[in-house]
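Peer 1: Sequence:
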Amino acid sequence: MFTLTGILLNIIDKSSYKKENVEVDTKAKLQILVEIVRANGVKVKELHTISIPDSKIALYKDKISKEVSVEVGIISKQFSFYGV
1 MFTLTGILLN
11 IIDKSSYKKE
21 NVEVDTKAKL
31 QILVEIVRAN
41 GVKVKELHTI
51 SIPDSKIALY
61 KDKISKEVSV
71 EVGIISKQFS
81 FYGV
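Quick note: the sequence shown uses this note's numbering, first residue 1, plus one each step.
FYI, nobody ran anything at the bench for these hints, they're computed from the structure.
Any given hint might turn out to be false.
With beta-carbon atoms standing in for the labels, derived distance ranges [stated by the list, open to error]:
| id | residue 1 | residue 2 | range |
| --- | --- | --- | --- |
| 1 | 38 | 18 | 40 to 48 Å |
| 2 | 15 | 80 | 17 to 25 Å |
| 3 | 5 | 53 | 13 to 21 Å |
| 4 | 75 | 36 | 34 to 42 Å |
| 5 | 37 | 16 | 18 to 26 Å |
| 6 | 16 | 38 | 34 to 42 Å |
| 7 | 38 | 68 | 20 to 28 Å |
Computed from a predicted structure; not experimentally measured.
Note that beta-carbon positions come from the ideal geometry of N, C-alpha and C, so glycine has one too.
Build out the structure end to end from the sequences listed, making use of the hints.
Peer 2: Shown next, in the form of structure tokens:
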């Protein structure tokens, strides 16, 4: 597990869609702006969209534009975060 810390910009509510006549639910997602310091000292900002379990949505509803820390795991060769 890792902790990702940054400014919470947006919460994308969970939803559903139809795929081959089957209703598929999606998870809620957080959009977090993270400041990264590169090896040469330059600071850059990266936007990460992180899916979170339904049970954790309420933890972030009142935190828009504030700094948050989210426990995450990493998927794939290129970093994709998901909330745990």
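Peer 1: Does the structure break any of the earlier hints, and which numbers would those be?
Peer 2: 4 and 5
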